[in-house]
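Just so you know, the sequences run in chain order A and B. Here this note's numbering is used: position 218 in the first sequence is 218, and no number is missing along the way. Position in the second sequence (first residue = 1) + 371 = this note's numbering.
Every clue listed holds true.
If the Cβ cut is set under 8 Å, some of the chain A residues that face chain B in the computed set are:
id	residue
1	L59
2	P190
3	G262
Just so you know, these hints were derived from the structure itself, not from any lab. All C-beta atoms in this analysis are idealised placements derived from N, C-alpha and C, irrespective of residue type, glycine included.
Protein chains: 2
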Amino acid sequence: MDPTHDPRLLDRPQSASDQFTRDELDSASRNHAFYLELLALETTPIGAHYVVLHFDIPLVDASTWRLEIGGLVARPLTLTLEDVRQRPRVEAPVTLECAGNGRALMTPRPVTMPWFVEGVSTARWTGVSLRDLLIEAGVDTVGGRQVVFGARDRGITKGIDHHYQRALPLDQALLPDVVLAYEMEHRPLPPQHGFPLRLVVPGWYGMASVKWLDRVTVIDREFEGYQQKYVYRDTQCAEDLGRPVTRMNVRSLFRPPGLPDGDSRKRYAPPGRYEIVGKAWSGVAPVTGVEFSADGGRTWRETQLFPPAAPHAWQTWTATWEATPGTHVLCSRATDAGGNTQPLTAVWNLQGMGNNSVYRLEVTVADRLSR
Amino acid sequence: MDPTHDPRLLDRPQSASDQFTRDELDSASRNHAFYLELLALETTPIGAHYVVLHFDIPLVDASTWRLEIGGLVARPLTLTLEDVRQRPRVEAPVTLECAGNGRALMTPRPVTMPWFVEGVSTARWTGVSLRDLLIEAGVDTVGGRQVVFGARDRGITKGIDHHYQRALPLDQALLPDVVLAYEMEHRPLPPQHGFPLRLVVPGWYGMASVKWLDRVTVIDREFEGYQQKYVYRDTQCAEDLGRPVTRMNVRSLFRPPGLPDGDSRKRYAPPGRYEIVGKAWSGVAPVTGVEFSADGGRTWRETQLFPPAAPHAWQTWTATWEATPGTHVLCSRATDAGGNTQPLTAVWNLQGMGNNSVYRLEVTVADRLSR
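Chain A on its own, in the form it takes in the complex:
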């Protein structure tokens, strides 16, 4: 065990209760969920994109804000927002997912932001290539090992007063598709999505895509900030740091058919034929297939999988469901080119990270409903 490792900083309380604490509810009210009925859309409208906020949203004055690029670089840069915007524009739709998405489906449940499955979205991001800026600054690719991204948001966790900071390995930071984005869906970033500038790291869980970015620092060692060393870890116990969470596991979701009950969100549908529309993604390798089940996973059949709109955007899939009276459990299961398939049940870990278990939706089909 690392002698400088403090297990208290890694730990998360666990709950077996089917009720949720005030802190969990507060987290859910700030960390806006995506709406599954919008899975029919290729990209997610602003305001429907999921949000994760560790602390308060900083309101940044763009006229005084600067981006500092320093550390192991030959020519440190200090850029205004206009400087950033004048560089060549890159744009791409990117699927982002919170590493904790699916946490509340674990048993016991790690007590922090209680995501079920709605912590995923796809937006078009516009900005500049991080790689180009690092090369312009003369990054030391021999001595440099990691790139640290510092942000404006600040708060206290486990007694530690800190700004949010995360690092990427230098080779990952130099991949050509990593973007410093100043627009989301062709508008300046809204405050809650990181105005004026944020990182977007395609393929990785969302914690890597640092918002309210103001400092990029190349260092010659592993970054040991709190959010890197103690949070976003896949571990079985607080004594073991486990593995850092990095790329998104393969996953699929679908638009719930039928009508909701306004109180319970239970689903009801008239009998008939439904086209089930879903999305699938993986940060590890391209998605190669999605299976659909209308009997709770006893039998599966292949769905029609469409190519993605861009390399890091989710892919649409469709299946036909012949709905007959009764209660049915619909499920989908995606597989990627790395041979990874969604597990049928959640695999527990201490912080509730990376749960990509099969999405299950119960629908009651009733004759009395009209279409």
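We have chain A already, so just place chain B on it with the hints.
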């Protein structure tokens, strides 16, 4: 008692637990909260505006969508979105608040969407005057009594399969500031805010501002739809329909000073002088004053109150707080020209409507924190 009144449709279960049910959490994850730290802004960015969804978000095809204006009118209208947009534009910032905002602060707590205080926002809405359209259609102002607004969203509540529908008294619908809005913050409405057209009724709680509007019908009686007759009622028991909720009660909130704890959202601040910035509003009469207390409401002092940007937008107020080490409870209390003042504690009712009790925020001031 009305012989056609069914108390089961009006009832809401109550909870004295400090834990929340899965249904409450699901509601909170869909009904996005406003962020109090954005109270410094005059208007709320898209995506930070609170959202209430009774059912799924309908995805409306604007090319086939039509607005039907009918009932007691001489010249029924069927309008395309382009027809609506070609009429004279009106625009105004309007503060909207959910009638259930503050519900979770009641004891016992009505079990439905568990708002604390974040169900309020202010956006600039652009559209056409409802009054002008009703006059164009030749509204029967003698025989007409109410105007029913029908929407595309559909679901099941208490076993009733229905589209969301609400009515306004005809004289209220003919007030010149009621808008049929197709833009929010100068962009087409996002799906979750009612694309392609919604009602905005200034001064009223949000349930009146029907989203995904497609039908306006003038009727000669009181509308008895489920969302009108049984929901949004201020009542003490399910046997009595009580009063319908209409205009927003006087209320004030402020931006929490200092830093949050990332898990508990408790506030911490270094000692020193703070400018507290807040907003105040009332749907009943203009706000005439806001008081601030730094000792939990034992002593109050007047704050500086600024004029609103528009008649139906919240007003900024500011106060100075000299923060000394220790734990303090900050509060604000607004009064309107109707002589209404925020109560110190919540006034319970069965459905948890219209709670405008004083906002209380505990802040721990600690020397060890830097500014």
